[in-house]
Structure formats: structure tokens, C-alpha cells
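Top to bottom, those sequences are chains A and B.
Residues 28 to 430 in the working numbering are what the first sequence spells out, letter by letter.
Residues 274 to 473 in the working numbering are what the second sequence spells out, letter by letter.
Think of the hints as simulated: they come from the structure by calculation, not from any bench.
Just so you know, nobody snuck in bad clues.
Derived DSS-like pairs: lysine-lysine, alpha-carbon spacing no greater than 25 Å straight-line:
hint: 1; chain 1: B; residue 1: Lys289; chain 2: A; residue 2: Lys376
hint: 2; chain 1: A; residue 1: Lys50; chain 2: A; residue 2: Lys109
hint: 3; chain 1: A; residue 1: Lys154; chain 2: A; residue 2: Lys322
hint: 4; chain 1: B; residue 1: Lys470; chain 2: B; residue 2: Lys289
hint: 5; chain 1: A; residue 1: Lys109; chain 2: A; residue 2: Lys277
hint: 6; chain 1: B; residue 1: Lys323; chain 2: A; residue 2: Lys376
hint: 7; chain 1: A; residue 1: Lys345; chain 2: B; residue 2: Lys289
Chain by chain, the residues run as shown.
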Amino acid sequence: MSDASEKLTQSGLSRSVGIVEPKTARFSEPLALDCGRSLPSYELVYETYGQLNAERSNAVLICHALSGDHHAAGFHAETDRKPGWWDSAIGPGKPIDTDRFFVVSLNNLGGCKGSTGPLSIDPVSGKPYGPDFPIVTVKDWVHSQYRLMQYLGLSGWAAVIGGSLGGMQVLQWSITYPDALAHAVVIAAAPRLSAQNIAFNEVARQAIITDPEFYGGRYADHNTLPRRGLMLARMLGHITYLSDDAMRAKFGRELRSGKVQYGFDVEFQVESYLRYQGTSFVDRFDANTYLLMTKALDYFDPAQASNDDLVAALAEVKAHFLVVSFTSDWRFSPERSREIVRALLASGKPVSYAEIESNHGHDAFLMTIPYYHRVLAGYMANIDLASTPRGATSPVYSTEGAK
Amino acid sequence: MIRPDWHIVEQWIAPKSRVLDLGCGDGALLSHLIERRQVSAVGLELDDDKVASGIERGLNIIQEDLDNGISDWFAPMSFDFVIVSQTIQAMRHPERLLADMLTIAREGIVTFPNMGYWRNRVQLGLLGHMPINRALPNPWYNTPNIHLCTLSDFESLCQELGIQILDRAVVDSAHRESTLLRAFPNWFGEHAIYRIKRKS
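The whole structure should be built from the sequences, with the hints applied where relevant.
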């Protein structure tokens with residue numbers, strides 16, 4: 028056994044989906060977007076874990092959050108230091124059990140990890156879209172995910188699952204395509220952002236936009252990056268993803284060198300942590316994508332079309348729901364999840380709701396918390412695959428095939 | 274395991290009705306009612322372990338503290354029956370729950386341990402200590418049961434709240450019927466089971 032695979036085994040390869048390879052789906056039929064523009068053609072990069080059963084009834088869609096991507100579980104190479112972003116929950120014997128389910132995870136449109144986004148070439152200009160990439164909404168994503176579903180030859184999902192911005196996509200799925208999913212798992216989400224939440228996003232955007240290296244989003248033309256702005260945006264984000272308690276427990280007032288230096292360099296451990304999170308993010312994320320993702324969050328408001336009545340917006344929903352929140356999450360607080368649950372109950376939809384005691388803040392949804400995982404596993408285990416929607420099973424967008 | 278009061282609760286629940294169980298525990302009663310009465314069921318429970326058990330049974334469980342009130346969660350008359358089984362004695366404000374539950378359901382079913390049961394009276398009145406027995410297993414200083422009452426206490430509260438008692442059943446823990454039980458329910462009933470509605 029090589030050192031690398033030994034490391035994988037130690038980190039739980041026995042319960043890992045193992046080495047996975049991203050695939051690309053190409054769509055040549057234009058996608059009309061909420062903003063009024065349309066994408067003439069586009070690609071979605073995705074991964075799958077587990078096996079699709081003969082009835083095609085065991086597919087589960089994972090929707091990612093702000094900075095997530097298609098790589099939700101497993102490893103791309105034996106030398107990878109870290110698995111996919113939700114490896115804690117996806118894998119053989121894990122809550123989203125790949126021995127039972129065929130799990131699909133994609134990078135959303137506007138992303139920077141392979142799906143069509145600001146880094147992709149605009150077929151019209153022949154240059155990268157950059158800031159000219161259209162603003163995409165949660166609903167646009169759901170439409171594109173529906174096409175991916177058809178592309179994969181699926182007529183419906185046993186479940187659509189997501190946390191945070193991912194949870195919003197799940198809610199949108201249940202409203203926009205009520206006949207395409209049997210179960211909806213909405214974790215640490217909200218029916219729409221509060222003014223405070225939009226305010227945090229605006230500060231993050233201003234940090235990026237006012238960076239002198241931003242060049243109106245055309246930083247690539249100038250061979251540079253708005254490093255400071257993106258770093259600040261990420262630092263701010265991280266503060267809001269953690270709770271006061273979690274920060275106190277993790278860093279306290281600990282000093283890196285043991286005593287104060289009376290200067291503006293990194294002194295407290297929390298400063299060091301934030302700067303590390305900020306700088307490492309710059310190397311793996313595109314600033315234009317970050318702007319797009321925060322706008323998608325801000326615009327999400329499925330009740331708007333129903334006179335701000337969420338109960339009315341959910342009237343046609345057919346999915347069975349699991350809603351989960353975390354006590355110390357103040358970015359997407361339990362109260363916001365309860366709004367979703369109350370609206371579901373008021374419109375007579377089947378729903379379970381668990382409020383998980385955790386001091387990890389919003390980040391808790393990615394963590395292995397025994398009660399959380401027990402609820403998620405228990406819910407998933409009760410999914411009756413015979414109830415997965417079956418419509419037309421012929422793949423509509425399979426013309427160009429997978430890579 | 275089927276508890277002695279379930280059989281009676283089941284008889285009072287109409288088939289295919291909408292049932293809400295407040296303080297549903299691990300959901301065993303709801304599962305029983307789904308199986309026997311094909312009800313559509315929702316349970317409310319606070320305890321993590323019990324919520325997880327309910328979800329593992331495939332039930333619809335809402336995690337919430339009953340003491341926070343229920344009228345925020347459920348629309349008026351959104352259920353046919355609301356059950357409060359062996360829970361009311363553990364609440365901070367049983368009287369609020371009784372009033373609230375009959376705004377969200379047509380009928381309520383309430384079960385509780387009868388403090389007037391003769392063994393409890395003997396332990397308190399003759400032996401001079403708080404009752405500890407099968408129905409009330411916890412010592413006074415560490416018990417969820419903070420609002421114990423007798424059949425007559427419960428009935429006077431219903432009177433005060435404008436609640437009509439439709440049915441009353443009492444059982445001992447072995448679920449025996451006896452002449453004594455029928456003649457002196459407040460002495461010989463270990464558990465009380467009431468079917469109630471708002472006076473029209």
C-alpha cells in the first residue's frame with residue numbers, strides 16, 4: 028500500500044466514495060435567464076457517486092452553497108489532502124448513503140470550477156465573459172439543474188438536498204418542479220435573506236469592486252486579481268459563518284507570539300486564521316463568480332411572486348420535507364428555518380424539522396454532529412424509492428455526451 | 274410495547290383523520306395510530322433522541338418546546354384531533370396548552386397520571402412522602418412532572434377554561450376494568466384519559 032492510499036484509509040476511505048472524476052455535460056439549447064438575457068449554450072461540470080439503479084429511482088441531487096462546487100465527496104487523486112466539501116455526509120454507510128443512492132453534484136452556472144461562468148469564453152466575443160456574464164438566480168440554476176437531470180436520463184429525484192444557498196435551491200426545486208422530486212432536504216437555509224444578510228453581501232461586494240485591481244471585473248485583461256478585495260470579502264464571510272462561541276473556543280484572545288507587539292501585523296490567532304482563509308480563497312475562487320453568487324442569494328425570494336405569501340408560494344409543492352437548522356447559526360438562524368416549516372405546515376405539506384444544538388454557527392451544516400447525522404440518515408433511510416417521480420425517461424440533452 | 278391508554282385513544286380517533294401529537298416522544302403512539310387508523314400524523318417533540326427516533330420511524334416530527342406555545346406553528350382547526358399523552362403534567366403552563374390545542378383541532382385527547390390514585394394518596398397522606406411508583410417514577414427534586422393533578426383538579430380546570438368533557442376513561446397500569454375503578458375513578462384510576470372539546 029502506498030503512503031497516499033494509506034493516508035486515505037486512515038482518513039476513512041472505507042467510508043469514502045474513493046477516487047472520483049468530474050464529468051462535463053454540454054447543453055446547446057439556449058437557457059433563458061431571469062435577468063432577461065439568455066445563455067446560448069453552456070456546460071455544467073458534475074460528479075456522481077454510487078450506482079443508478081435499474082428503475083432510475085435512486086438519484087439524489089446535491090445543491091452547493093456560495094463557495095461550493097461539484098466536488099462534494101471523495102478525492103480527485105490519492106494525493107489530495109482533503110476530500111470533497113460534504114464528504115462527512117456523502118459516502119457508503121454515511122447519511123446520504125452511496126450504497127443506496129446515486130448522488131449527483133454539480134457546479135452551478137456562473138461558477139468558477141468548470142461550469143460555464145465568468146472564466147468561460149463568451150462565444151460572441153471570443154473572450155472570457157468576465158463581468159459580462161449574466162446575473163444568474165436560484166431559479167435559473169434550478170432550470171439548468173433540471174436540464175442536467177434530463178441529460179442524465181432521470182425523470183425525477185428521490186431527493187434534492189442542500190445547505191445554505193443550496194437549501195434555497197432545494198426550496199426553489201420544490202416550487203418550480205413539484206413533480207420532479209419526492210423529497211426536499213433544506214439545511215441551514217432561509218426563505219429569503221434579511222436586510223442584515225444582504226448588508227453583509229454588499230460589504231463583501233464593495234470590498235471586491237473597490238479593489239484597484241478589480242478593473243470593473245476585467246482584471247484578467249490586466250493580468251491581475253482583486254486579491255485584497257476578495258480576501259476581505261472572504262474574511263467577512265468567515266466571521267458570519269462562525270458563532271461568537273465557536274470563535275472564542277477556537278481562538279480566544281490567544282496571541283501568536285505570546286505578547287502584544289503594538290502594531291498592525293497579525294497578532295491574535297483569529298487574525299491569522301482570517302488572513303489565511305482570505306488568502307487561500309483568492310487562489311481558488313474567482314471574484315466575478317463571488318459577486319454573482321452573492322447576488323443570487325440576495326435576489327432569492329420565492330414568495331415574492333405570491334404577494335410575499337410563502338404559504339401560497341408552496342401551494343403546489345408535492346415533496347416531503349426535512350428542514351434542519353443549527354442553534355448558533357446567526358447568518359441563517361433557526362427562526363428562518365421555522366418560517367419555512369410553518370409555511371409548509373400551513374399549506375398542509377408533510378415536513379419534519381430538527382433544530383440541532385451546535386456552537387459552530389452556520390458552518391455546522393458541514394460538520395459531523397452525531398444528532399444531525401442521525402436525523403439526516405434516519406430521514407434518508409425512510410425514503411421509499413417507489414415514490415420517486417417517473418415521467419419521460421428519455422434523455423433530452425444527451426446529444427454531446429459526457430466527457 | 275402498547276401502553277394501556279393507547280387502546281382507548283385509538284377508539285376515539287376517527288379513521289383517516291388528521292392527528293397532532295404534542296410531546297409525541299419517540300412517535301410510538303403515532304405509528305400505532307397510523308397502522309390502526311390510517312391517520313395523517315404530525316408529532317411535536319423537544320428531546321433530540323426522541324425526535325431522531327420519530328424521524329427514523331418515518332414520521333413527520335417538529336422539534337419544538339411545547340412551553341413556547343403551539344399557535345405559531347399550526348393554523349386554527351388544521352387538525353381533527355390533538356393528543357397530549359402523558360405530557361401535560363410536565364408543562365410550565367398546562368392551562369395555556371389546553372386552551373391553545375382546542376383552537377387548532379376540533380377535539381383534544383389528554384392523558385395524565387392521576388395524583389388521586391390510592392397508592393399516591395397512601396404514599397403522601399399516610400406515609401408522608403411524595404409518591405414514587407410505576408406511573409411517577411422520579412424523586413420530587415428531579416422530575417419532569419411539575420404539575421401533577423387529580424381527576425377532579427383537571428375537571429375543574431376544564432370547567433374554568435370553557436372546555437367540555439366528551440369522554441373520560443381511567444385505567445390502572447394493568448389496564449384492568451373493575452367495579453371499583455368505575456365507581457371511584459379518582460381513587461382507583463392510575464391513568465386518566467379525557468376526550469375534550471371547546472364548549473360551543
